[in-house]
Amino acid sequence: MNRRIKKVAVLGSGVMGSGIACHFANIGAEVLLIDIVPRELTAAEAAKGLTLNDKVVRNRIVNNALTAALKSKPSPIYLKSFASRITTGNFDDDLEKIKDYDWVIEVVIERLDIKQAVLTNVDKYRKNGSLITTNTSGISIEAMIEGRSEDFQKHFCGTHFFNPPRYLQLFEIIPSSKTDAQVLEFLTDFASRFLGKTAVLAKDTPAFIANRIGTFSIMELFNNVNKFDLTISEIDKLTGPVIGRAKSATFRTADVVGLDTLVHVANNIKETTNDEANASFSIPKYLQKMLDNNWLGSKTKQGFFKKVVVDGKKKFLTLDFNTLEYKEDPKPKFSVFEKTKGINDLAKRMPIFMADKGKAGAFYRASFYSLFQFVSNRIPEITEDIYKVDDALNAGFGWKLGPFQTWDAVGVEATVKAMEENGYKANQWVYDMLEAGIKSFYKIEKGLKYYYDLDTKDYKLIPGQEGRLSLELLRPTNVIWENTGVSIFDLGDGVLNVEFHTKMNTIGQDVLVGLNKAIDMAEADYKALVISNEGDHFSAGANVGMIYMLAIEQEWEDLNMAVQWFQKTTMRMRYSSIPVIAAPHGMALGGGCEICMHSDKVIAHAETYMGLVEFGVGLIPGGGGTKEFALRLGDGLQNGDIRTNAFLNRYLSIGQAKVSTSAYEAFDLGYLRKGQDEVIVSRVDQLAYAKQTALQMVDKGYIQPAPRNDIKVIGNEAMGLVYVGADGFAEGHYMSEHDKLIAEKLGWVMAGGEISSPLTKVSEQYLLDLERKAFMELCMQRKTLERIQSLITTGKILRN
Amino acid sequence: MNAYIVGGYRSAIGKAPKGTLRFTRPDDVAAAVIRHLMNDFPQIDKSKIDDVVVGNAFPEAESGFNMGRMLSLMSMDTVDVPGSTINRFCSSGIESIAIASSKISAGIADVIIAGGAESMSMINMGGWRLVPNPEIAKNNPKWYLSMGLTSEMVAREYKQKREDLDAFSAKSVAKAIHAIDSGYFKDQIVPITIKENYYEDGKMKYREKIFDVDEGPRRGTTPETLSKLRPAFAVDGLSTAGNSSQMSDGAGFVLVVSEKALKQYNLTPIARLVDYQVAGVEPYKMGVGPIAAIPKVLKHAGMTLNDIDLIELNEAFATQSLAVINTLGLNTDIVNVNGGAIALGHPLGATGAKLTVQILNELRRRNKKYGMVTMCIGSGQGAAGIYELL
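Sequences listed follow chains A and B, in order. Residue numbering for the first sequence follows the working numbering, starting at -14 and increasing by one per position. Residue numbering for the second sequence follows the working numbering, starting at 47 and increasing by one per position.
Hints may contain errors.
Simulated crosslink set (EDC-like; lysine to aspartate or glutamate; CA at most 16 Å straight-line) [unchecked claim]:
(1) K184(B) <-> D370(A)
(2) K424(A) <-> E398(A)
(3) K434(A) <-> E420(A)
(4) K385(A) <-> D521(A)
(5) K184(B) <-> E592(A)
(6) K291(A) <-> E323(A)
(7) K402(A) <-> E420(A)
(8) K768(A) <-> E739(A)
(9) K255(A) <-> E205(A)
(10) K40(A) <-> D210(B)
(11) K184(B) <-> D521(A)
(12) K58(A) <-> E592(A)
(13) K442(A) <-> D521(A)
(14) K212(A) <-> D108(A)
(15) K188(B) <-> E722(A)
Here are the simulated distance ranges between beta carbons [what the hints assert, rightly or not]:
(16) Y311(A) <-> E209(B): 17 to 27 Å
(17) Q681(A) <-> M250(B): 41 to 51 Å
(18) F111(B) <-> S283(A): 57 to 67 Å
(19) K781(A) <-> D282(B): 39 to 49 Å
(20) N170(B) <-> S66(A): 21 to 31 Å
Since the hints were derived computationally from the structure, they do not count as laboratory data. Beta carbons are placed, not taken as given, at the ideal position from N, Cα and C, and that holds for glycine.
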């Protein structure tokens, strides 16, 4: 029988429990969130005459926890209204209800005896066949099945969400010796397709995979930090985005996580393991001192960093490991970065870092050699399959390259030798692999990825690739056209994909050329086109540098042509003979949003942050976005609607540069179309689904639509509101005089100009011409150019 | 020919948009007040009543369809009594009394029910379909300036300080609470029966309650608690939710009769509207309206401020209240003795009638003679009326 998850019970409403409950609500499940009954009344409850028998009191703990979670930022929930899918309860009154639930997730405090007590009760009430999982980062799964029924044991395992559950990709699944294989198979599939996670099957070993290795990496550094003669700022520079890791790098991350938490995990590993790296999990003296001083990081206002305000300016001081005093570090500088400048491919940068003769190189070699030694020694202890280690670090710690991927990038064979020379040693299986003539841990063949399997001493296909598409894996073989801005991929079955690969995937001349080329090619020889990429973000918008250059030179005719070209390109998305699907993820701003808005259909990843944010650079959307808002406004109007209110709702999305915090919110803001555009939670399935959707549109019979000439605009009826509103916002100092001008121009375009008769039908081209006229007029404003210049030179939005 | 007020009541004032009257229609509240008022005068043949005049600032939706006529139908048990709705924004509730008094003085009517009703819970400020004239909006946008911003304009022009506004407001709340606790309003308030169907646990349920106490004043309000509120209308503004009038729901009506009716029905006159004047000021600082209206009405009536025993100055904002008080040198001992709109609420078109009912009761309680009701009016006007207690 097919297993389906409709109702999920989450036991324990702490930060993790509430976050998990919200994420299940995100995907549409009916969630029951439970916590303990408080032992005493609060003063406020007593004053109201409530007793411990009142429901509001009994559910106080869980309700407060959920409320706090829903208020936290970034939000754990895609859309506030999704929270209504969560009902709350308490262990005493509501645990019985789990008999109707398909999956029970236990997320109570990390103490074996308490977890066992809860699971005993779960065993009593649950229905046979339902899933039970425990969310733990360190407690043995095997220890939790003792005394449980057979059916319980079969359907029980560990599921380790990372905090915050909505945003962190990793989902470790840890079976006990009794867990049914089908359960694991189900959870692996469910985690990726439904929850959008990277599922990693881990063994029941201390801290499982990600925390074991991630914590090693940090603690090894903490214990050796004195050897490098580097400041905290320097180390964070070396261990941040330059090597494909988070901006908060090492020490800033430690401060955010909290040193107490970090030390708790390290101690746990140190106590429960007994391998060659045990000493690396010791707590160095300075760190113990920091704990004694309660310098735990952000939550105690100081840790490795301390924020101070000097002359009204915020500054971050860093700790000196020897004196334990805070000081100001000079800006980190390393000559090696000169050599890697302009190399965007991380795998190509890594060998240059490792070969560096300076302090940076010495640091990298020591760090990575010890890491390579450690991870090679942990196979097969924590997992037999090396790709799981990389998956875990990619998804759980945000390392763009995991340990084995990094090792491949710097060359396995050469590194093994260099490690020996420096007093490190890779595990024997690595030598065996090299001896067998296999020189890398991974290989890509025909769009599929293989890993080195210790057992067979040969490459083996990484499972889970069936039915999925990855541009990274198709790149070696399927790129059929490219320029500096885009690559056009053949996805097979007559579908093309155009990928942006500029900085932040901004849209400039090369991208526009590429988009037109892709449509030309698809119209001539293919069936459909998908627009997607695998960068951090879909697109940060149009390349304003080009606009700035033309405006500064006062090349108005050229600028007008360029804007028109942009408009024509977005219009071609919709008005071409083939279906065009946009599949955005991450930020889809400005021009990136306009491209999505003009495609025949959007398949948006749930984590898509859409917005028309041109206001910030002193402009209005000029690639058809403002026109499209007018069009959607008109299409949405029903007989008898209060048109000015409908106008205002749409107007404010652009006027306040609203960016959605999820793809679902993008519907409410007007960037996505209800009933037409779709959301997908699984990033790894997004491209294949977009392709499939495109083919369905082809199969259904796709006819090139004709540009519209029946767009209802409300004209002058809206203009009074625009002027009065803009004046009020300026008078209230919510915006500047320049903002007021932009607001008026935006309103003018969206209203369709000063037309006397509301609901006059106009053409798309008419609106595009208004849009371009307003855009050009704003480009001629000095203050707009100052805003653009600020964005280009400082990356900051100037409000002038 | 003189016109006499022989009776008057008001509803308790509910908070908008989340207060007790939020689901009770303004016509229902107004009709209840009128019925209660007329119960005091069984001797009057209802079919002989000349008119029901209701002031309302946004006569649309629940207040629409000529609410005055609806009220005459709802509360008179006959189709014979006509009804009209008049609008001068915040002075509508006294404007209607002025119209009634004038008609009677002119000898063209003998008995008129006049007052005001407003539901700010149901109809938002500006109305549901605000469509400014684009030409005006472009060239004179400040004619449409929102009320909150006009308050900031007054604050800027009079160089006011936040602490003065908060101190004034806290005092207003304290006076209002004292008045409520002392029962000063009790006799003037018509208890309204709130009847509500609501949804709970998958069912429609019914509840009923009596509403008869003003719910605006927030106990525990001090200058300190007010100082913590953030500006409501401008980034760097001085006006907050705490030192501005509250949005409110409510109604108030008086019965105005001629000398002939007094005799015919054997009625006892309570008071008369001595004079009533409205003046225009710059719309962007409409709050100063009373600065023009008060001298105008005094001059026209041949009186001075010294003749006035009590003043109800509608506290649209602490900013404009202080500007008016300081500019005209009003005696603060006689201004808003039972608290003002910052504490008790400002149901726009009902306010003039509500303040009339309040001041007549307070003049009587204090055994005084002359009272003034004055207010600023959106889009730049001020109104002031003088009552004489008889």
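So, going through the hints one by one against the coordinates:
At most 16 Å may separate the alpha-carbon atoms for a hinted pair to count; K184(B) and D370(A) exceed this at roughly 70 Å. Only pairs whose Cα atoms come within 16 Å are accepted, and K424(A) paired with E398(A) is accepted, the gap being roughly 7 Å. With a C-alpha separation of about 22 Å, the suggested pairing of K434(A) with E420(A) is violated against the 16 Å cut-off. In summary, the hint linking K385(A) to D521(A) is supported, as the alpha carbons are separated by about 11 Å, within the 16 Å threshold.
Of the supplied pair hints, the one linking K184(B) and E592(A) is violated, its CA atoms being roughly 41 Å apart against a limit of 16 Å. Proposed proximity of K291(A) and E323(A) is contradicted: the alpha carbons are some 30 Å apart, above 16 Å. Proposed proximity of K402(A) and E420(A) is supported: the alpha carbons are some 13 Å apart, at most 16 Å. A C-alpha spacing of about 26 Å is found between K768(A) and E739(A), which places the hinted pair above 16 Å, so the restraint is violated.
At roughly 12 Å between alpha-carbon atoms, K255(A) and E205(A) fall within 16 Å of each other, so this suggested pair holds. The hinted pair formed by K40(A) and D210(B) fails the criterion: a straight-line CA distance of about 45 Å is larger than 16 Å. As the CA atoms of K184(B) and D521(A) are separated by approximately 44 Å, the hinted pair breaks the 16 Å bound. In summary, the hint linking K58(A) to E592(A) is supported, as the alpha carbons are separated by about 14 Å, within the 16 Å threshold.
Annotation: proposed proximity of K442(A) to D521(A) is violated, straight-line Cα distance about 35 Å (limit 16 Å). Of the supplied pair hints, the one linking K212(A) and D108(A) is violated, its CA atoms being roughly 53 Å apart against a limit of 16 Å. Taking the CA atoms of K188(B) and E722(A), the gap is near 15 Å; set against the 16 Å cutoff, the hint holds. At roughly 39 Å, the beta-carbon separation of Y311(A) and E209(B) lies outside the given 17 to 27 Å, and the hint is violated.
Against the hinted window of 41 to 51 Å, the Cβ-Cβ separation of Q681(A) and M250(B) comes to about 44 Å, which satisfies the hint. About 60 Å separates the C-beta atoms of F111(B) and S283(A), a value consistent with the hinted range of 57 to 67 Å. Checked against the given bound of 39 to 49 Å, the beta carbons of K781(A) and D282(B), roughly 22 Å apart, lie outside it. Separated by about 23 Å at the C-beta atoms, N170(B) and S66(A) satisfy the suggested range of 21 to 31 Å.
In summary, the structure is inconsistent with hints 1, 3, 5, 6, 8, 10, 11, 13, 14, 16 and 19 from the numbered list given earlier, while agreeing with the others.
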